[in-house]
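Chains A and B, in that order, are what the protein sequence lines are. If you're matching positions, the first sequence starts at 1115 in the numbering used here and goes up one per residue. If you're matching positions, the second sequence starts at 11 in the numbering used here and goes up one per residue.
Among the hints, erroneous ones may be present.
[To be verified] Reference excerpt, derived from the structure (chain B facing chain A, CB under 10 Å, subset only):
1) T16
2) E117
3) G137
4) S166
5) E171
6) C183
7) E194
8) T244
9) E266
10) V336
11) T345
12) C354
13) C357
14) P381
15) D385
16) I386
Hints listed in this document are in silico derivations from the structure and should not be mistaken for laboratory results. Just so you know, even glycine gets a beta-carbon here, dropped at the ideal spot from N, CA and C.
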Amino acid sequence: MDDFTPIEDFVSPGLPVDPANTTGREALGDPQGVPELSDVDCPDALRETIEASMARYPDHKSASIPALWAVQRTYGWCTPEGIRQAAAVMQVTPAYLESVASFYDLFRLQPSGESQVLVCTNISCWMRGGDELLDAFCAATGADRGEAGHGGALSADGSVMVSGFECLGACDLAPMASVNERYFGPLEPADAKTAIEQLRGGEEVLPDKALTARRLPGGDEESSDERVTSTKGPNR
Amino acid sequence: MSIVETRVLLRHATDPKLATIDGYRSYGGYSTLEKAYGEMEPDTIVNELEESGLRGRGGAGFSMGKKVSFLPHGNQTKYLCCNADESEPGAFKDRELMQRNPHQLIEGIVIASYAAGISHAFIFIRGEYDVQADILDRAVAEAYEAGYLGRNILGSGHNLELVVHRGAGAYICGEETALLDALEGKRGNPRLKPPFPAVQGLYGGPTLINNVETLSNVSHIVANGADWFKSFGTEQSPGTKVVSISGGVRRPGNYEVELGVSLRDLIYGLAGGPLEGREVKAFYPGGSSSPVLTPAEMDLPYSFEAMAEAGSMLGSGSIIVADDSVSIPHMALRTARFYHHESCGKCTPCREGTNWTVKMLERVVRGEATPMDLDIITSVQGNIIGHCLCVLGDSMAMPVSAMVNKFRDEFEEVIARAAINGLPTTEGLESNGDGFEPGPDGVGLEVLQRERLMGRPVPESAQAAEELPRG
């Protein structure tokens, strides 16, 4: 079999491939064994957070998502070391936590900068210019637009991750973006540059466009319907 | 503009104090909970909920009271999961309800748990809703401190632990059994049903799963009675509904109305109608998984039964309006891509069906398809619907087949135009899975043949191409 082709060559040209999907991440130690807490260098704060999560559920395995959140908040992304430490605290295998982490879009399995910008490109945002907004965030940061549409790309200096994202549940703000887990919209493409400058300058990002500053679209007037005004109970 | 909102769940929601326990109590909050523990038997509450006809607000529209009554009696550990994993494109009502009035939800959860003898409750909130999860965390801590949660609530002997559990970004976790797996700390794959969660759910115990808006209604029904609740809405769709309206409208957002108001009142009256100079072309009446409707259906009442009769569904109550600037084939592709991305891959019709639907729709917008491909797309959707473990596959198949059927002319036109132009478009190439390169510019024989297949006029330049010697 002289003409044997290695499997990588079968991957279609132009098809973005996450290497983690085909080759997996390099395992640190045995992924199938439960690591001992004494073998990993788990920071106390991380261990305590995970243990507190475990205590909140009838079954401690339920804490796997909270534990991965804790790892991500500690290290900025779900590092293989962090996952090993969480596995040691939870007494599960690192492979188990890896399998959970790789299922969920918000768990980042690669270095992802200090700030993350998720731009919604789903139906309502697309209609109102979500793709153009993603273009603008890429231009403002120097992130690769092709990569940004497929799982995220880092800015030229590595400090900001920009990623197209599926519906974030804020279609009323369309087109919108989530900057460090805070929602902003509706955004003009020009807002991208402002937001990135504010982010880099350590300022508050787009205060007028924050979801939390938004009012109900129907105004502040309460219903005058007698069935509502005569109610008992909550919101009386 | 005669239409006004009927704010019950969103009453006083403009007051930021409502998110705190003191603010909530100043508006009568937790008085129903005290009344329930003080003077109501659990069965009375279940009956009242069943009598009210409250239908689940998360999408399926199943009777909430019936769901509670399915839970077995007896002393085993029972669970409640509040589904706050609102991820359906177009839906953002739960976000508003949790952010502005978290205690209304908590009060509903406590009352429902008391009624069904539940001792452990969870709010599964999507990980993206960080602000709202923080608000819930604070509200839950306040409720514990006030003695509305924890051990021996108000001296009744009933214990209830409530945990706010953040997801981590997966649409599938809004499916109730996938939510249970995620809550058990696993990948969020749906389970085979039956057994249904009411019999065997979280940790193998009987589990009640309800949407945020459904549970937010509970305290109002218990306080004012089933008849009061039924005075709102229609016979089969009682109550009010928080409707999320987005897309090509002037005032997108959440509006609370009685069920049964007309779609026109919602889209034109409340949301202000299409943008300047635009017209409504189509709309999803119940989130991205509902088959699209056209302006001809604009005067239908917005209720579970009327939407079902029109061949669509009310779903989570999320209207996405597409105006005449929107290309329906591209919208179908966006929709299909979302479900392809979110398919968990556990069952074949959904994993493969969403994948091939995306590939075929990409060919349509690139001009590499023929009208026959549209029939294949339709038949693939038919093979997905009803054949999956959960409804995610159906959720793509229903709107896509509705778009192909209702806007077939536009699909054919897109195919034809792209073909005439010699496959110039690189649109859709970004996730081109089959490695197909677009053809050279200009008009070729193949294009001409395609045009003939479709019986559309052939442009002059293409006719000249026909005279080229063959072979």
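Determine which of the earlier numbered hints do not hold for this structure and return their numbers in increasing order.
-> Checked against the structure, the hints that fail are numbers 4, 8, 13, 14, 15, 16, while the rest are satisfied.
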